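Undergrad: Sequence:
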Amino acid sequence: MLYRKLGKTNELVSILGFGCMRLPILSGDPTKIDEKLAIELIHHAIDEGVNYIDTAYPYHGTGMASAGQSEPFVAKALKNGYREKVKLATKLPSWLIKTRDDMDKYLNQQLERLETDSIDFYLVHAINKELWSSLKEAGFAEFLDQAIKDGRIKYAGFSFHDKLDLFKEVVDYYDWSFCQIQYNYLDEKFQAGTEGLEYAAQKGLGIVIMEPLRGGKLAGNLPEDVQNVFDQSDVKRTPAVWALRWVWNHPQVAVVLSGMNAMDQVTENLNSANDGEPNSLTESDGGIINQVTAVFKEKIKVDCTACGYCMPCPEGVNIPTCFSMYNNYHMFGKEEAYHIWLAPQQKASNCVECGLCETHCPQGISIREELKNVNATFAS
Numbered sequence: 002m003l004y005r006k007l008g009k010t011n012e013l014v015s016i017l018g019f020g021c022m023r024l025p026i027l028s029g030d031p032t033k034i035d036e037k038l039a040i041e042l043i044h045h046a047i048d049e050g051v052n053y054i055d056t057a058y059p060y061h062g063t064g065m066a067s068a069g070q071s072e073p074f075v076a077k078a079l080k081n082g083y084r085e086k087v088k089l090a091t092k093l094p095s096w097l098i099k100t101r102d103d104m105d106k107y108l109n110q111q112l113e114r115l116e117t118d119s120i121d122f123y124l125v126h127a128i129n130k131e132l133w134s135s136l137k138e139a140g141f142a143e144f145l146d147q148a149i150k151d152g153r154i155k156y157a158g159f160s161f162h163d164k165l166d167l168f169k170e171v172v173d174y175y176d177w178s179f180c181q182i183q184y185n186y187l188d189e190k191f192q193a194g195t196e197g198l199e200y201a202a203q204k205g206l207g208i209v210i211m212e213p214l215r216g217g218k219l220a221g222n223l224p225e226d227v228q229n230v231f232d233q234s235d236v237k238r239t240p241a242v243w244a245l246r247w248v249w250n251h252p253q254v255a256v257v258l259s260g261m262n263a264m265d266q267v268t269e270n271l272n273s274a275n276d277g278e279p280n281s282l283t284e285s286d287g288g289i290i291n292q293v294t295a296v297f298k299e300k301i302k303v304d305c306t307a308c309g310y311c312m313p314c315p316e317g318v319n320i321p322t323c324f325s326m327y328n329n330y331h332m333f334g335k336e337e338a339y340h341i342w343l344a345p346q347q348k349a350s351n352c353v354e355c356g357l358c359e360t361h362c363p364q365g366i367s368i369r370e371e372l373k374n375v376n377a378t379f380a381s
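Plus 1 on top of the position in the sequence shown (first one is 1) and you've got our numbering.
In case anyone wonders, no lab produced these hints; they're calculated from the structure. Hints should not be assumed to be uniformly reliable.
Straight-line Cα separation of at most 30 Å, DSS-like style, residue types lysine-lysine; simulated pairs [as the list claims (entries may be wrong)]: (1) Lys106 / Lys77; (2) Lys190 / Lys106; (3) Lys106 / Lys155; (4) Lys150 / Lys190; (5) Lys9 / Lys169; (6) Lys9 / Lys86; (7) Lys33 / Lys86; (8) Lys80 / Lys106.
Label pairs and their in silico Cβ distance ranges [as the list claims (entries may be wrong)]: (9) Glu170 / Lys9: 17 to 23 Å; (10) Lys6 / Cys362: 40 to 46 Å; (11) Tyr310 / Ser381: 26 to 32 Å; (12) Ala344 / Lys80: 36 to 42 Å; (13) Asp35 / Gly216: 15 to 21 Å.
All values reported here derive from a predicted model rather than from experimental measurement. Each residue gets a CB set at the ideal place from its N, CA and C atoms; glycine is no exception.
Put together the whole structure using the sequences plus the hints.
TA: If you want it as structure tokens, here you go:
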């Protein structure tokens, strides 16, 4: 296993981290973790050198408002000496925070659920524009300072889901030790992106990467024309290994999280991590990734940058998300999230064609016409 320093913490962390959001489950129920198999996977990863374990308050639950089963499961998995072998990361449920006291309440609950006296890496979870204002007003900075001072947490960080300008504002607002961002070869300009990664690294923050495989979409069953590009390479790697190696190639990255739920995934990722040195991909390797990215991007139907100028829609349609899921459908061949995550009023079918959105779109997109296409695609 290779290790890197996590920014100014100077903590050595394994370049492969175990994400506990997509553990194996029983009977298709996300609240019922297959504990026997999951513990086997985590123990094997730790025995082979993984020392960064990531969980969060809602993982393996029924929704964002309730406590999930991941944290108490992780407590079980880290018994018998395994807790001492790892750095444990979990996250403050930002969307549930209304007051300063709420922060202490949830952190103290998490310490009990994880059966630990201290959390090594504690993140303010899923910061976006709406949550950012309420978190500042509730006094998150003073909370983190106090939690570090009294030893309940060792290092403070944040995970991020919004645009680059807000990311830079968040980085500059508090003396963070690390941050967690989505990053993969298709998302160099998504949310924080490459510019945000480099900005945070220059400020001394350690960088943890989530979604290196885009929720598994880059791991396998790729479109035939995409797979053909990989097959042309003299170096034979699985799509998952190509994607992981691309992220590890960036020297600013310390940890790449992977939500592994089968032993073959753990084994493959462990093997690939042995070769994940920074700047280790060749010029030829980079050319293959560039070709794959180009093929994917040719499949994009709506050239939406998710700038948000079209929002809010008077009828409640989430225009950027509709277009993102529509593009994903054409890039990967399926998109189950449309009917799972979007409320009825947020779907393209709720558009009344008022045209207000088009007057604000800097890309000149025919939004009304494209929303009809989105609706036609997902109506069935």
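Undergrad: Taking only the CA atoms, is the gap from Lys9 to Lys86 under or equal to 30 Å?
TA: holds, 21 Å
Undergrad: Has the given pair, Lys80 with Lys106, been kept, meaning a C-alpha gap of at most 30 Å?
TA: holds, 24 Å
Undergrad: Is the hinted pair Lys106 and Lys155 satisfied, with a Cα-Cα distance of at most 30 Å?
TA: holds, 18 Å
Undergrad: With 26 to 32 Å as the target window, see if Tyr310 and Ser381 comply at their CB atoms.
TA: holds, 31 Å
Undergrad: May I ask you to test the hint 17 to 23 Å on the CB atoms belonging to Glu170 and Lys9?
TA: holds, 20 Å
Undergrad: For Lys106 and Lys77, compute the direct alpha-carbon distance and say whether it is at most 30 Å.
TA: holds, 22 Å
Undergrad: Would the pair Lys190 and Lys106 pass a check requiring their Cα atoms to be no farther apart than 30 Å?
TA: violated, 36 Å
Undergrad: Given the hinted pair Lys9 and Lys169, is their Cα-Cα distance within 30 Å?
TA: Cα-Cα ~18 Å, so holds.
Undergrad: Between Lys150 and Lys190, does the CA-CA distance stay at or below 30 Å?
TA: violated, 37 Å
Undergrad: Taking 36 to 42 Å as the stated bounds, is the beta-carbon spacing between Ala344 and Lys80 within them?
TA: holds, 40 Å
Undergrad: If you draw a straight line from the CA of Lys33 to the CA of Lys86, is it 30 Å or shorter?
TA: holds, 26 Å
Undergrad: Please check whether Lys6 and Cys362 have a Cβ separation lying inside 40 to 46 Å.
TA: holds, 43 Å
The structure fails hints 2, 4 (numbered hints given earlier, in ascending order).
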